[in-house]
Amino acid sequence: MSNESDPKPVSRLLSGLVAVALFVVLAVVFVRASFGDPTGFPADAHVTASLGYALFNVAGASVPGEGFLAAFEIIDLVLVGALVGAVMLARRETGGALVGALGSDQRSERSEPATATDGGEN
Amino acid sequence: MATAPFDIAPAIALLPFASFVIALLAGKYLPKKGAYAGILATGGSLLLSAWTFLAVGGGNTYNQTIYDWTAGVGSNVISLHFGILIDPLAALMLVIVSLVSFLVHVFSLGYMNDEGVEGLARYYSELGLFTGSMLTFVFSDNLLMSFMFFELIGLCSYLLIGFYRTESAASAAKKAFLITRFGDYFFLVGTVGVLATFGTATFAGPNSFPVVAQNVLNGTASVTTFGFAPQTWFTILGLLVLGGVIGKSAQFPLHTWLPDAMEGPTTVSALIHAATMVAAGVYLVARMYGFYALSPTALAVIALIGGFTALFAATMGAVKDDIKRVLAYSTISQYGYMMLALGAGGYVAGVFHLMNHAFFKALLFLGAGSVIVAMAHEQNMWKMGGLKRELPLTYWTFVAGALALAASVPFSGFWSKDEVLYTALTNGLNGHPLLLLGYAMGLLAVPLTGFYTFRMVFLTFHGEPRSEQAKSPHGVGWTIKAPLAVLGILATVTGLFNMSSVAELTNAHIDYLARWLDGSLASTSTAHYGDLLGNFAGYAAAAFSPLASSAISLVLALLGVGVAWWLYNVPEPVEHTEKLGSVKTLLVNNYYQDEYQVWLAEGVTADVARGADKFDQGVIDGIVNGASSVSLFGGNRVQRIQDGVVTNYAALLTLSFIVLLLVVGLAGGWF
Amino acid sequence: MVPANYYLVLSAAVFSIGVFGIMTRRNALMFLMSVELLLNAANLNFVTFSLQYGNTTGQVFSLFVVALAAAEVAVGIGIVLVLYRNFGDIDVDKAMTMRW
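Same order as they appear, the protein sequences are chains A, B and C.
Using our numbering, you'd call the opening residue of the first sequence number 2 and step up by one each time.
Using our numbering, you'd call the opening residue of the second sequence number 964 and step up by one each time.
Using our numbering, you'd call the opening residue of the third sequence number 2 and step up by one each time.
For the record, the hints were derived by calculation from the structure and aren't laboratory data.
Note that the structure is a prediction, hence the values are computed from the model and not measured.
Some clues are possibly wrong.
Claimed, not checked - Examples of chain C residues lying across from chain B (beta carbon under 7 Å, computed): (1) 20; (2) 94; (3) 97; (4) 101.
What the hints assert, rightly or not - Take a look, some chain C residues computed to stay more than 12 Å from chain B by CB distance: (5) 48; (6) 59; (7) 63; (8) 67; (9) 96; (10) 99.
Backbone N, C-alpha and C define an ideal beta-carbon position, used for all residues, glycine too.
Hey, can you work out the whole structure from these sequences and the hints?
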């Protein structure tokens, strides 16, 4: 997709080096860490069911965990907010009437002021 | 009620300040433009000073802090305050200053008001400000307060010299202010030095700086002396303060302003440039005498400067034609005698001459003022002559003052000048050759003094009138005659207060002034100073007959008077000084001191100032501008990191994250 | 199970690849995909420790992370849309007007 200047090989190399450096630092730390024996899950535990119990703060989980009901509700709000935000970002107005996002292929829309939407003030 | 006059001691100075305010604000509406307010105020000050004088005579003194205007924080507190110190010396000086000021105010009614001078409200307000400041200076109890009022009286001198708003007056006023300011710079440094060394600048009392300095030299106390030996450091401090004294008392080399200051009204010359303001410098030395007495070097410097100035100014006064200029050089010369006295260990002699000089010099100036009024403001003596017929009272009082100045028996100047020379001689004979040098110069100045004084008298009053105005001069009113009469009497009798040579010969206790000054405040008494002089400066009087010394100076004085009589007491005197030829040119041009000082300012100082300016603009401003340009340049370069390309930001983020991890890891021991 | 260190190294590797993608990719959608990689690396971490300590907390948390990732992508694509409208191209290097 990028036709003009590709990222120059040098800058690609540098970015690669940076990424590698990050990996090296993290890996060194992780390899040197010691955690002891892992406590796995018991062979007959119902992990997924316990996830559900934990999500809704219901007792009786076979694998121990914490309650996440509050977080669950909040993430629900977050999702709603994200949806609303996405829709608001995507809409356009032409003279008061809402047009769907699919109208973006029509070049005639270019005559509108460049700051068509900014997700807030219109 | 021994404390009564002391509780209202501030009023001595506040009354003239009040007259200053009244004349300033309401002067132009008053009938005499503030003269009566001034007369009442100075009269009130005179009465209060006399009352204080009597109280001190009864053995009381007063040394009190009135107002603390800073109180330091911490343990090493240097507190700065206003306070009042009234001991015998201060009480005497208060009476002198208020009396002369009162007489000058009365005289001004005749000299200024009756002559129809403009702007008198300004004149009387400035006189009031001056009197108030001078009185406060006299009773200051610490060096910083003295400095502040020293500057104030310098300001009043500037204002009053420039009273007639002519160009020469303005230039003279500026010159006076600048030269005294130059000296005061050293005074300020000395004051700060005293405060930094001793933590206090008070003059008297057990914790005052002269007493502390004495204890340091005795080994019973110690102060920081900034790396110098204590004696050396005290000498340095004394010499620094001496800078201000030299400027204010018009000693060599800062004497050039006083003759030009004659541009001001004659009453101003009488008050400020004869009796009081120039006395401030000598008074300061007397006030701090407990400190100066500890340093023989400073005393020797004072004596030498004094003796030299006495001779130097007397030579210049002998060739001047303007009556006021002769008196100006005479003033410089007489203050030289006072400095010689103080430097030679003659505290009483110096103060005695100060007192006498205040009266006879004010008398001479006021007499000159009377002559000037009579001559319709002509001041050149060669246009006068024969005035004694028309102005008898002026003539006789002037002669009294002249005899006092020329130091002939029994007038006041004789006793005091004789005592000055005697002290210089006896202390000098005992191993202080510099004092002998000062004595020699002072002695040489005696005949010159007699000469120029009586040249002035004869040219002005004797002989035939040499101009129309001299043939029929104006009459003068009682406001002019009364002060002259009072001062004439004083000039005659004040010598009797301390006829020390007679006292020594006859063992009679008639040296009143010496006993007055040996008063009840221990740290400022003559006996204490005598101890200090003996112990630290090494002054001890040799045996020399006081009669012989008096005889020598009397003979020389009469010799000078005789020469003037022979040359000038003729009906048609000629300018005999022309015969001196090029010497006269040198003297008339004041040894080119004025030109020298201008050259110093233009040639030397201007170049230094230019260099300093370049340094300031180039280096200091350069550093400041450089700091800002570094910041601007750095900012300009650093801001280019923000280039708007998101991937670069991500790279920077990652890089910083790595660095952070490394730092935290190394510190936390992860590796 | 394998000691946790190996899982962590794996997650570090995935994270580094994601970081490389962010630094290098110019297409906005590929950029968003790299961000997803970062989030998934974090998820790996959570699940590893859930196994290590025998606790469901890690796994529940990773569910939340997934939900957040979804929300973030939704908004992110909306932003890409606006970006296209303003700059005519979804190349992130073209949108460099917010600079000094």
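Hint-by-hint comparison with the structure:
1. 20: Because about 5 Å separates residue 20 (chain C) from the closest Cβ in chain B, which is inside the 7 Å limit, the hint holds.
2. 94: Where the cut-off is 7 Å and the nearest Cβ of chain B is about 6 Å from residue 94 (chain C), the hint holds.
3. 97: Interface hint status for residue 97 (chain C): holds (3 Å vs cutoff 7 Å).
4. 101: holds, 4 Å
5. 48: holds, 23 Å
6. 59: holds, 22 Å
7. 63: holds, 22 Å
8. 67: Consistent with the label, residue 67 (chain C) stays out of reach of chain B, its closest Cβ about 23 Å off (over 12 Å).
9. 96: violated, 7 Å
10. 99: violated, 5 Å
The structure is inconsistent with the numbered hints 9 and 10, although it conforms to all the rest.
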